[in-house]
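Sequences listed follow chains A and B, in order. In terms of my numbering, the first sequence opens at residue 1 and continues consecutively. In terms of my numbering, the second sequence opens at residue 1 and continues consecutively.
No lab work stands behind these hints: they were computed from the structure. Careful: at least some of the hints might be erroneous.
Claimed, not checked - Pairs of lysine-lysine residues, derived as DSS-like cross-links and limited to a Cα-Cα distance of at most 25 Å, are as follows:
#	chain 1	residue 1	chain 2	residue 2
1	B	Lys-130	A	Lys-130
2	B	Lys-204	A	Lys-130
3	B	Lys-258	B	Lys-204
4	A	Lys-130	B	Lys-258
5	B	Lys-204	B	Lys-130
6	B	Lys-144	B	Lys-130
As the list claims (entries may be wrong) - Beta-carbon label-pair distances, calculated as ranges:
#	chain 1	residue 1	chain 2	residue 2	range
7	B	Gln-93	A	Ile-143	56 to 62 Å
8	B	Glu-103	A	Leu-14	51 to 57 Å
9	B	Gln-207	A	Leu-144	28 to 34 Å
10	A	Ala-18	B	Gln-107	54 to 60 Å
11	B	Glu-270	A	Asn-112	39 to 45 Å
12	A	Leu-119	B	Ala-18	24 to 30 Å
13	A	Arg-158	B	Ser-71	37 to 43 Å
Claimed, not checked - Covered stretches of chain A (chain B as the covering partner; in silico rule of three or more C-beta atoms under 8 Å from a C-beta of chain B):
#	segment
14	9 to 21
15	27 to 41
16	53 to 62
17	124 to 130
Glycine included, each C-beta is placed from N, C-alpha and C at the ideal position.
For reference, the chains in residue letters:
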Amino acid sequence: MKTENREGGWLILLTFVAAMMLTIVPLPDLVRTLRPEWSALVFIYWCMALPHRIGIGIGWMTGLFLDVLTGSLLGQHALGMTIIAYLVINLHQRIRLFPLWQQAFIVWMLLNLYQLLLLWFDGITGQPSKGLGFWLPPLVGMILWPGIFLILRDLRRRYKVT
Amino acid sequence: MEETPIKLLFTQGPSTTARAVLLVLISITLMTLDHRRQHLQTLREGLSLLVAPIEFLVDLPVDIGHWIADSLASRQQLMEENARLHSQNLLMQARSLKNADLESENQRLRELLESSVKVADRVLIAEIYKVDLDPYKHLIRINKTARHGVYIDQPLLDAHGIMGQVIETMPAYSTARLITDPGHSIPIQVSRNGLRTIATGSGKINQIDLPYLPNNTDIQVGDLLVTSGLGGVYPPGYPLAHVTEIERAPELEFARIKAEPTAQLNRSREVLLVWSGDRIKHMKTRQLSTTAAEDKDSENREP
Numbered sequence: 001m002k003t004e005n006r007e008g009g010w011l012i013l014l015t016f017v018a019a020m021m022l023t024i025v026p027l028p029d030l031v032r033t034l035r036p037e038w039s040a041l042v043f044i045y046w047c048m049a050l051p052h053r054i055g056i057g058i059g060w061m062t063g064l065f066l067d068v069l070t071g072s073l074l075g076q077h078a079l080g081m082t083i084i085a086y087l088v089i090n091l092h093q094r095i096r097l098f099p100l101w102q103q104a105f106i107v108w109m110l111l112n113l114y115q116l117l118l119l120w121f122d123g124i125t126g127q128p129s130k131g132l133g134f135w136l137p138p139l140v141g142m143i144l145w146p147g148i149f150l151i152l153r154d155l156r157r158r159y160k161v162t
Numbered sequence: 001m002e003e004t005p006i007k008l009l010f011t012q013g014p015s016t017t018a019r020a021v022l023l024v025l026i027s028i029t030l031m032t033l034d035h036r037r038q039h040l041q042t043l044r045e046g047l048s049l050l051v052a053p054i055e056f057l058v059d060l061p062v063d064i065g066h067w068i069a070d071s072l073a074s075r076q077q078l079m080e081e082n083a084r085l086h087s088q089n090l091l092m093q094a095r096s097l098k099n100a101d102l103e104s105e106n107q108r109l110r111e112l113l114e115s116s117v118k119v120a121d122r123v124l125i126a127e128i129y130k131v132d133l134d135p136y137k138h139l140i141r142i143n144k145t146a147r148h149g150v151y152i153d154q155p156l157l158d159a160h161g162i163m164g165q166v167i168e169t170m171p172a173y174s175t176a177r178l179i180t181d182p183g184h185s186i187p188i189q190v191s192r193n194g195l196r197t198i199a200t201g202s203g204k205i206n207q208i209d210l211p212y213l214p215n216n217t218d219i220q221v222g223d224l225l226v227t228s229g230l231g232g233v234y235p236p237g238y239p240l241a242h243v244t245e246i247e248r249a250p251e252l253e254f255a256r257i258k259a260e261p262t263a264q265l266n267r268s269r270e271v272l273l274v275w276s277g278d279r280i281k282h283m284k285t286r287q288l289s290t291t292a293a294e295d296k297d298s299e300n301r302e303p
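Pulled out of the complex, with its shape left as it was, chain A reads as follows:
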């Protein structure tokens, strides 16, 4: 059981590293604020597909890495990811059966919740307000979701990650 469980862990790690690289890769000023939450998207996929392997603990760790990576308050992204993980774990059997567009909608809601939590703690710690542009990344995430889902599913099937 243990050995079977480990299989393909490198692929999961690789996708997370890629997501984090996309999180900090320099973009032109115009599209900087549109950058979706790559790590959250990748995490939602893995959490939904393999809830017995990728759970709350890993979500929390990913969030902590994001905090250090983006220089935000330590624990801010971690908390958002924990909440996302909790919801996805509880809903994964339902979300899996949804058609892609409906999945994308759920992902949009999850990402909005994530942004809301980030905004909330920014507010508590006295960061200046960010305007309505702050709500665009979840929309971009929703639009990208079908693509991300298909790519990651193909990868998962090809390398037989279970």
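Take the given structure of chain A and dock chain B to it, following the hints.
Same frame as chain A, now just chain B:
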């Protein structure tokens, strides 16, 4: 695909809520501690080491691009550049000759006045990592760390003016806040008439605001703003910005004044770290102490 998870979830199911609550509580604790800054330095440093390879990978293409451009530059181009730099160097040398003279004269006059201002500053060149952090904050990562003597609150310049200040030093990099960050303020002076005020970041990379000047202030478009040195973070007399727009609205208490930073905030690849006055001596003792292998934490935290 669907048969294994059900069985496995059963063994994990009941504890999910408890674990989620626990991790949320831990996150909140971490945030509280981190908001007070000092407590989590070691944890942050540890995590930053794990994250550093990712930053390195993102920065790599830019680095390789520079390297290729350098190696492919033609002889002709290099000769031209060499000639240009040579003449520029001559010019600078001539100017610095005069400058050295002026500096000593200034020092002499200041001694006469019994003022304690020190003119000499020490600088070190650092390179910016090409990574994007939070789009709503203006933060940059540089490749010099506490090992090189970088300290928190250290000012950062480029060839044209003040860029920002260091806010954290990690084992593999330091993070600095630019003057245009909305959470950043800097005490300044109008160089034409010595008027003192505070400039705050606007969140736009080419603009800072002067929100605390009354409508009848003597300030004009084109005025040069320099650091005043009050507050003790920035050395006095470095150029910061040119006033670009003044809006005197009679119904408001303060005039709305915008200025454009003289530093090339989003174009420079290299920045200068400055040690001024007491910090130079400080750094020398620090370098000695690092060779004597003292513990690093106490150094980082000196005020």
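Hints breached by this structure: Failing hints: none at all.
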